[in-house]
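S.K.: Residue strings, one per chain:
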Amino acid sequence: MSILIKDVSKRFGSFKALDNVSLEVPDGDLLALLGPSGSGKTTLLRVIAGLEVADCGTVLYPEEDITHHSARDRKVGFVFQHYALFRHMTVAENIGYGLKVRKTPKAQICERVDELLKLIRLDGFGTRYPGQLSGGQRQRVALARALAAQPRVLLLDEPFGALDAKVRQELRQWLRRLHENIHVTSIFVTHDQEEAFEVADRVVVMNEGKIEQIGSPDEVYDHPATPFVYKFLGNVNLFHGRMDDGKAYIHQSETEHVVYVRPHLLDIDRVPNGGDHFRAKIKHINSAGPLVKVEAITEWGAVVHVEMSQERFRNLQLLKEEAVFVIPKDVKVFQAYEGPRSK
Amino acid sequence: MSTEAIFHPQAVAVARSRTAQQDPAWVRWGLTLFALGVVGLLVVIPVVNIFAEALSEGVGVYWNNLFADPDTRQSIILTLTVVPIALVANVIFGLTAAWATARFNFPGRTLLTALIDLPFSVSPVVAGLMFVLIFGLQGYFGPFLRRDGYSIMPYVISFLAAGLFVLLFFLFRPSNPQARCGFWKYPGLSVLAGSGVVFGLLFFAQQYFQVWPRNQSLKIIFATPGLVLATAFVTFPFVARELIPVMEAVGSEEELAAVSLGANGWQMFWDVTVPNIKWGLVYGIILCNARAMGEFGAVYVVSGHIAGKTDTMPLRIEKLFQEYNLPGSFAVASLLTLVAILTLVVKTQLERKIPTTANLPEPITTEAQL
Numbered sequence: 000m001s002i003l004i005k006d007v008s009k010r011f012g013s014f015k016a017l018d019n020v021s022l023e024v025p026d027g028d029l030l031a032l033l034g035p036s037g038s039g040k041t042t043l044l045r046v047i048a049g050l051e052v053a054d055c056g057t058v059l060y061p062e063e064d065i066t067h068h069s070a071r072d073r074k075v076g077f078v079f080q081h082y083a084l085f086r087h088m089t090v091a092e093n094i095g096y097g098l099k100v101r102k103t104p105k106a107q108i109c110e111r112v113d114e115l116l117k118l119i120r121l122d123g124f125g126t127r128y129p130g131q132l133s134g135g136q137r138q139r140v141a142l143a144r145a146l147a148a149q150p151r152v153l154l155l156d157e158p159f160g161a162l163d164a165k166v167r168q169e170l171r172q173w174l175r176r177l178h179e180n181i182h183v184t185s186i187f188v189t190h191d192q193e194e195a196f197e198v199a200d201r202v203v204v205m206n207e208g209k210i211e212q213i214g215s216p217d218e219v220y221d222h223p224a225t226p227f228v229y230k231f232l233g234n235v236n237l238f239h240g241r242m243d244d245g246k247a248y249i250h251q252s253e254t255e256h257v258v259y260v261r262p263h264l265l266d267i268d269r270v271p272n273g274g275d276h277f278r279a280k281i282k283h284i285n286s287a288g289p290l291v292k293v294e295a296i297t298e299w300g301a302v303v304h305v306e307m308s309q310e311r312f313r314n315l316q317l318l319k320e321e322a323v324f325v326i327p328k329d330v331k332v333f334q335a336y337e338g339p340r341s342k
Numbered sequence: 005m006s007t008e009a010i011f012h013p014q015a016v017a018v019a020r021s022r023t024a025q026q027d028p029a030w031v032r033w034g035l036t037l038f039a040l041g042v043v044g045l046l047v048v049i050p051v052v053n054i055f056a057e058a059l060s061e062g063v064g065v066y067w068n069n070l071f072a073d074p075d076t077r078q079s080i081i082l083t084l085t086v087v088p089i090a091l092v093a094n095v096i097f098g099l100t101a102a103w104a105t106a107r108f109n110f111p112g113r114t115l116l117t118a119l120i121d122l123p124f125s126v127s128p129v130v131a132g133l134m135f136v137l138i139f140g141l142q143g144y145f146g147p148f149l150r151r152d153g154y155s156i157m158p159y160v161i162s163f164l165a166a167g168l169f170v171l172l173f174f175l176f177r178p179s180n181p182q183a184r185c186g187f188w189k190y191p192g193l194s195v196l197a198g199s200g201v202v203f204g205l206l207f208f209a210q211q212y213f214q215v216w217p218r219n220q221s222l223k224i225i226f227a228t229p230g231l232v233l234a235t236a237f238v239t240f241p242f243v244a245r246e247l248i249p250v251m252e253a254v255g256s257e258e259e260l261a262a263v264s265l266g267a268n269g270w271q272m273f274w275d276v277t278v279p280n281i282k283w284g285l286v287y288g289i290i291l292c293n294a295r296a297m298g299e300f301g302a303v304y305v306v307s308g309h310i311a312g313k314t315d316t317m318p319l320r321i322e323k324l325f326q327e328y329n330l331p332g333s334f335a336v337a338s339l340l341t342l343v344a345i346l347t348l349v350v351k352t353q354l355e356r357k358i359p360t361t362a363n364l365p366e367p368i369t370t371e372a373q374l
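Protein chains in written order, with the numbering used here: chain A, 0 to 342; chain B, 5 to 374.
Hint data in this document are derived by calculation from the structure and do not stem from the laboratory. Treat the hints with caution; some may be incorrect.
In silico SDA-like pairs for lysine to any residue, Cα to Cα no more than 20 Å straight-line [said to hold, decoys possible]:
1. A:K328 to A:E197
2. A:K105 to B:L133
3. A:K292 to A:L264
4. A:K102 to B:N268
5. A:K99 to B:L37
6. A:K280 to A:I249
7. B:K313 to B:G301
8. B:K282 to A:T89
9. B:K223 to B:L133
10. A:K292 to A:Y259
11. A:K117 to A:H178
12. A:K102 to B:W274
13. A:K328 to A:E310
14. A:K246 to A:H256
15. A:K328 to A:R241
16. B:K223 to B:M272
17. B:K282 to A:H87
18. B:K357 to B:A253
19. A:K165 to A:H81
20. A:K102 to B:F176
21. A:K165 to A:G135
22. A:K99 to B:R177
23. A:K246 to A:E218
24. A:K280 to A:W299
25. A:K99 to B:G301
26. B:K282 to A:G130
27. A:K280 to A:R241
28. B:K189 to A:S69
29. B:K357 to A:Q131
30. A:K99 to B:N268
31. A:K99 to B:L133
32. B:K357 to A:R127
33. A:K102 to B:G269
34. B:K357 to A:S69
35. B:K189 to A:D64
36. A:K292 to A:A322
37. A:K99 to B:Q271
38. A:K102 to B:Q271
39. A:K99 to B:F176
With the rest of the complex left out, here is chain B:
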């Protein structure tokens, strides 16, 4: 090699490995092989096996296992209903929590960040049990929900509408104080009165037109609402956990700049905040989705295993397995595995795009240059 004569690359490489890396070759090779072996044994072989088992009787049987069995079909539909609802709830919660903790210093901030992590540390079975104890037949609200459960719906709907009113009020308030006349001038009073009127009108409208059935049991446990609650609870740290460090790394200066340039809260959020955190948000949603689809423990407790009604995909897998329907069980499992692999690919792609303190455009050190 001609370069060797000039640069002595081998000599340099040897010198470097001697100084920086004291371990002899056999240790390095040994450790690498051990790690690869463990991953192969515990990860690669089982994953490959899932697909092998699922497809062992041919593609036609695989297809029938997935979509010909009405209970399996229903479990896929149920998962595709529960997961999006839980996701939307967690995105809203995650954004709010991350915004609050990264942008404001309020009493209880540390407690909030600690509590966000609670679902990570609680066993999912316990989480499911909590909901049974609250909403189940023997739970706190059980007797009430069974007697006249739908009577809470007017309150819930009216409350949400009143909240929407408050949001709209501040969105449409004229930005220039001089242009604010009449009720725009007194935000506190207007919001209080306005939301009160909205609440009252909607509430009585619902009562008057008897929108909700009377004296009927509202099922939460052993029904879809319970599944949504359990899934949302177990997965709610994902979005918030992902967004808090991203928002802290990005900082609030750009947002302040936008405000000083005349942007209102809405414009600031969409023009500055969202573009800065979007990859972190997508990352959180992807992880949250993977976990929500695969959730077993909490859902197991609240579902009641009513075949074709409250079985989600993981529950269906377990049931098919118990019934010795291995190809059917592996077929559904292969779907979840596909989701997992897809998640992994997207996640690795996203990781490079998320702003952290380490990869911000320019780490700025002021004092060093003075």
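Pulled out of the complex, with its shape left as it was, chain A reads as follows:
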């Protein structure tokens, strides 16, 4: 089931949670809403679920306007960050609840519950209570509960946010595989870019109630549409400068443009090499891990972060306090802005 969201806005008092958001989610898509807290991603999800009513705008299923349908009529499966399992019901009762309230025959409920328990690899746990399960198990039960009544759309609100790192990793891959099997249109909210990239087919980056960019993980990471997206997705060095003839000149006093460079797109050398470069002095070297992280101070006193491979680092034999040349391999230049973005 595809979803179409048109010009949806939502205010909480004076806070603009959603500002004229439009989005199309094709059938069978696995979409991530990615953004910092307060960016409106959860509000958007709740508007789609009908748990929140938009001030204006419409939410459409194909051939059906569901803007004014209540949450119970939308047939969505919603997974909460903190599971929201019914604590006084067993796992089986939790999973079967959506079918029970829709007056499904008991035998059919049992069958479906067993099927879902197998799917979430918790068969035999049907008679336990949520309090007796681990966080990861609880979230799987919550997912099964959301899927039980064959929802048209599956919505997940920071589904792995409350889990520890290892379980989170497992569940991400599991969700990915699950989606490949059942192919229900799914939208999940996360503030973790790694999670969004790993799980989703498409990523929607949100900020301050607006959509900044929509695209595949590669597109969003390699071709960020706005400075926010560039900054939000990974570490970044920021310089001020100006554009002249298609070339960016980094200079502190110029504020017309902002130049962004990812640390791994900077190189360090002892000789200027003829190309673009600037001078810097190495302040700190962290060589633990697959990449060596170097912190340097530029001529004009700004801190710059550079990442290089262990091999390159061994070849260079860099030392602390050493004066070197920093060579940008690829940069992204944006118009500098103040206040609301005009781009």
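Starting from the known structure of chain A, arrange chain B on it as the hints suggest.
M.R.: Relative to the frame of chain A, chain B by itself:
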């Protein structure tokens, strides 16, 4: 002791008491004995004394004191009538108020929570006096109630019926918007028209068949309705006060989950809300009941002390005491004390079952794990 050699439990205990607890032994013992002494003197001895006095002339006399005296018997019956009515009213009010304050943010929310506590801070005598000033002979509605009091009954009954109609309308409305046809489609108009018709029909039916007596005085003060009003007023914070923190601790996520799974309001309430708050509700009812049965001040003002008619148990105790009928007085008092002890036992049992923010299944900290 063999373990001593390995763990040195005494050494550990001493070390702990030195570091964590600086008070010397005599202070600790002194404070404990003082507390126990005060409780014994002010609580245990008087309570034991009540039963001792009540039973001082034997079980037979005790029994006669309770049930042979028609006025005492009537006071027990009256208390058992007034208290349940006040309880039901307070449960309905408490649920509504707790739901409203815990689930919605509306203008006047803080004022409402403050006003719920008013009966706690007002002297019961003043509360009773308020009702006398409103419904008493010299009160605002006094002359009217005396002249033709029952004429308000058709309004009250019809209004309640119209309210019931609104409730039923939303309960039976088809859940699926596509299945809603005819008047189901226009809830505002249908409810307005429907409840209007219900009100009108019932109202005129009552007038036509002359259900209520005309030109007769409807007694509220110095009668059972006044007792119910006073008791309900004095005890109304209990249920609401108990439920608000419980509902806040439980949160509304489970309810939202139920709705998103397709439950209607009724199903959500019974399947999710009630199981989550039931122990808090029972706790509130128990406390409310204890207070309602024992209420003296407010009831004293509105009752008028008509022996065998408007005396509740506490009022009866006082009257017997004034008449120097000590065994009779203590016999009735022993009943109230039994209720109190029972309340205490049930209350302690319940306290462990009520969800609070401290004992929710799993306190979840998100950011710490990221």
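S.K.: Next, verify each hint and record whether it holds.
M.R.: Each hint, compared with the structure:
| no. | hint | result |
| --- | --- | --- |
| 1 | A:K328 to A:E197 | violated, 26 Å |
| 2 | A:K105 to B:L133 | violated, 58 Å |
| 3 | A:K292 to A:L264 | holds, 12 Å |
| 4 | A:K102 to B:N268 | holds, 12 Å |
| 5 | A:K99 to B:L37 | violated, 59 Å |
| 6 | A:K280 to A:I249 | holds, 17 Å |
| 7 | B:K313 to B:G301 | holds, 18 Å |
| 8 | B:K282 to A:T89 | holds, 18 Å |
| 9 | B:K223 to B:L133 | holds, 16 Å |
| 10 | A:K292 to A:Y259 | holds, 18 Å |
| 11 | A:K117 to A:H178 | holds, 16 Å |
| 12 | A:K102 to B:W274 | holds, 16 Å |
| 13 | A:K328 to A:E310 | holds, 18 Å |
| 14 | A:K246 to A:H256 | holds, 11 Å |
| 15 | A:K328 to A:R241 | holds, 18 Å |
| 16 | B:K223 to B:M272 | violated, 42 Å |
| 17 | B:K282 to A:H87 | holds, 11 Å |
| 18 | B:K357 to B:A253 | holds, 13 Å |
| 19 | A:K165 to A:H81 | holds, 17 Å |
| 20 | A:K102 to B:F176 | holds, 15 Å |
| 21 | A:K165 to A:G135 | holds, 10 Å |
| 22 | A:K99 to B:R177 | holds, 19 Å |
| 23 | A:K246 to A:E218 | violated, 23 Å |
| 24 | A:K280 to A:W299 | holds, 11 Å |
| 25 | A:K99 to B:G301 | violated, 51 Å |
| 26 | B:K282 to A:G130 | holds, 18 Å |
| 27 | A:K280 to A:R241 | violated, 24 Å |
| 28 | B:K189 to A:S69 | holds, 14 Å |
| 29 | B:K357 to A:Q131 | holds, 17 Å |
| 30 | A:K99 to B:N268 | holds, 12 Å |
| 31 | A:K99 to B:L133 | violated, 53 Å |
| 32 | B:K357 to A:R127 | holds, 19 Å |
| 33 | A:K102 to B:G269 | holds, 15 Å |
| 34 | B:K357 to A:S69 | violated, 34 Å |
| 35 | B:K189 to A:D64 | holds, 16 Å |
| 36 | A:K292 to A:A322 | holds, 16 Å |
| 37 | A:K99 to B:Q271 | holds, 10 Å |
| 38 | A:K102 to B:Q271 | holds, 12 Å |
| 39 | A:K99 to B:F176 | holds, 18 Å |
When each numbered hint is compared with the structure, violations occur for hints 1, 2, 5, 16, 23, 25, 27, 31, 34.
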